[in-house]
Amino acid sequence: MPLTVDEKSLKHGVLSLVLTLTEVIQEALERQALRRINGGDLTLEESERLADALLELDEALEQIKEDHGITTSVADLHRGLDEVVDDVVDKLINPQRWAEEAGQ
Amino acid sequence: MTADQGPLRPTRDPRVTLDDLVEVLLNKGAVLHLDLIVAVADIPLIGVNIRAALAGMETMLEFGMMRNWDEATRAWAERSARRRGIDLREGESAVCRMSGGHLLTGGVYTGWRPGTVHLTDRRLVVQRDEPREILWQAELGDVRAVRLEPERTVGGEERLRLRVALADGTEELLSAQEPEKLHARLTEACAGRLDAAFPFTPAVEEERLLEGHLWFHEPRRGGPLWRGGQGRLIGSALVWKSPVDSRPALVVRTADITAVEWSAERSPTGDGGVFTLRTADGGEVRLAAGDPETWMRKLDVSRPSLPHPLPLKTG
Chain A
1 MPLTVDEKSL
11 KHGVLSLVLT
21 LTEVIQEALE
31 RQALRRINGG
41 DLTLEESERL
51 ADALLELDEA
61 LEQIKEDHGI
71 TTSVADLHRG
81 LDEVVDDVVD
91 KLINPQRWAE
101 EAGQ
Chain B
1 MTADQGPLRP
11 TRDPRVTLDD
21 LVEVLLNKGA
31 VLHLDLIVAV
41 ADIPLIGVNI
51 RAALAGMETM
61 LEFGMMRNWD
71 EATRAWAERS
81 ARRRGIDLRE
91 GESAVCRMSG
101 GHLLTGGVYT
111 GWRPGTVHLT
121 DRRLVVQRDE
131 PREILWQAEL
141 GDVRAVRLEP
151 ERTVGGEERL
161 RLRVALADGT
171 EELLSAQEPE
181 KLHARLTEAC
191 AGRLDAAFPF
201 TPAVEEERLL
211 EGHLWFHEPR
221 RGGPLWRGGQ
231 GRLIGSALVW
241 KSPVDSRPAL
251 VVRTADITAV
261 EWSAERSPTG
271 DGGVFTLRTA
281 DGGEVRLAAG
291 DPETWMRKLD
301 VSRPSLPHPL
311 PLKTG
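Chains A and B are the protein sequences, given in the same order. In terms of the working numbering, the first sequence opens at residue 1 and continues consecutively. In terms of the working numbering, the second sequence opens at residue 1 and continues consecutively.
Don't read these hints as lab results, they were simulated from the structure. Among these hints, one or two may not hold up.
[To be verified] Where chain A lies over chain B, by a calculated footprint (3+ residues, C-beta under 8 Å):
no. : stretch
1   : 52-61
2   : 111-119
3   : 135-147
[Claimed, not checked] Calculated pairs, EDC-like style, for lysine to aspartate or glutamate (alpha carbon to alpha carbon, straight line, at most 20 Å):
no. : chain 1 : residue 1 : chain 2 : residue 2
4   : B       : Lys28     : A       : Glu27
5   : B       : Lys241    : A       : Asp41
6   : A       : Lys65     : B       : Glu151
7   : B       : Lys181    : A       : Glu59
8   : B       : Lys298    : B       : Glu261
9   : B       : Lys28     : A       : Glu59
10  : A       : Lys65     : B       : Glu261
11  : A       : Lys65     : B       : Glu158
12  : A       : Lys65     : A       : Glu27
13  : A       : Lys11     : A       : Asp76
[Said to hold, decoys possible] Part of the chain A face toward chain B, derived, beta carbon under 10 Å:
no. : residue
14  : Val24
15  : Arg36
16  : Thr43
Even glycine gets a Cβ: it sits at the ideal position worked out from N, Cα and C.
In isolation and in its complexed conformation, chain B is listed as follows (with noise of 0.2 Å):
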């Protein structure tokens, strides 16, 4: 520090948020009178009488409001509250608990719940606390395998899920905030029980040849559809998924394709044209993408099974 610096002045940061604004609100309390009358051609009609207060709990207590109320809600909470955690049975025991969620589907709905993930020795367990609802629960018998997985979010960021095989053929994806340690409980927890392998080989382990955006020219009811998405060659298949789809629209398997032909068409990318896949079944994919040349070269090379490399027609 200086010599002709002057002495040390108190500061304050004048700034406002509007959380600061909310709070004071609160803090304060607001009070609202209004009376109104409604009237046509200096009739009164309608009479209107607000009386309106809106304070933090503390300072509505202060003040002598809700008073009964706030006791009645919190002795209710009370007498129902012997029910943190989740209920266990007789002789099952917690083994840990971590913020978390279960990926519904089947349904309407498709959607993550959060909630807790609850793993006691018995069960595996999703449930929310408020309102309070089992989200999803399976006896730990019933789980064949277990398996951590990367998934892109909507963001584009990879997050890993678990994956959770059931003996009923079933699989149910859940989050955690610590997957990798509920895994490895998980697994502890189904110490011997579980299948060395996943039952279902996944996709995704698959060396993959080309990624990118790519467009699908998808078959609706109501006529087809240019709908963007993430495509995926690997070497077994073609996969295309939308952001906002839960599972791939369109798998192609390479053995399968006859044929990749492009064509000057109008498509989403403008001049790029659209690059058809012909299947053996006689099927037609219809597909768009920003360096069309690169996908249909890749998905030339990864049909090792044709004695000969199929004409591009191109123009």
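Bound conformation, chain A alone (with noise of 0.2 Å):
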């Protein structure tokens, strides 16, 4: 499955895809951190500024996609993304997939 990085300007498609990255690596510590939080091992202070600079992060990147106006590139890249991931698990989990891609 192709994903679309538009050629027309490479700038806005090589920052969209720089970005898409930055967000998944965002999304993956907003989760540990939520589980950190959640582990109970974290001082509510520790918890606090923890939260503040996952927010910080998140209005920042915001801004850079408003300010470049790449915000649905961002999104559609995020979702391509996703659907290639999904397609990989399904054909990993379910072996017979491989037998209709054989047969095909």
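Dock chain one against chain two, each of which comes alone in its own frame, and use the hints as you go.
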């Protein structure tokens, strides 16, 4: 499944790609932060500092996306990546797909 | 709901996203053991032995790994963490804070540096928390004027920026999450000290006669180069700015324009030709546009000082 990076404006395309990957990392950090906070190891003050820092990161990313007008292209690319992953995982956990593909 | 429908069944969205995949990977953790021998002619020459583990910190701790390191890191942060917000001076009190940024200019690099804008009763500070650095700050006593200014971002959206003029004659541009609120609070905090009028009259407030995409044949050391950008014709001047530049590369006062000539040369617009502005000091500005006629007509109209319209050479 091909991912479409807008080749008409390479700068936008590359920036969208970078921001999409940053978003994936940000999402991973946020989910791990939630786990750590729920884990009960952190003090209240630490949790707050963590939440503030993540919020600041989120706002900075949103601002960059809006400034460069790539909010939609990042969302599209993110969805595209998700579809690729979904496809791969689907093939990995359903061996009958291999047979289907081989039969084609 | 109709009666012929069966009982409700639980469903599950089977779709997996990349975020889910990364989460599962980090939550479960991954361990990689790699033994590798590089051999030439069946004689082992280089040995590689890699043991790697990748997991979310919570998982790491569950398995008893990196516990000391985790505690040491947090203890160190704890010691140096009496530093949320900015370091206030004695007797100084914070007024408000919001995320924002400062436009760094003057050096090799021009660009927005994001952080948090802090307003105290004495200073205006833009600070980044991680890694900690004061990006810009000014004493409120040095602030001469503040103004909200619309700016067109690269993406083509209008954003309000806060322009701050300082006593030493410099100007800075700040962005803020709520520019109006920052402007109001800043005006309040500087009560009575601000000059009524912004010292520099903005060109933006003049009526725009024409605005659109315009090519500018920019003279450069390595020879002139066609660059695309936004042209804006206002009553007193023609301004051209490239989206990658921070300020206009070309400002021609309409009063200085002595002639507008068209010639059928090759230009980035194809067969649109090139129109040349001649200025009173003998200068020459070469431009191209999708509809050169409109630009030339408007340029002509915008020169009221001329006794008679200049003959337009066409073809």
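Quiz item: Out of the numbered hints, which ones does the structure contradict?
Solution: 3, 5, 9 and 10
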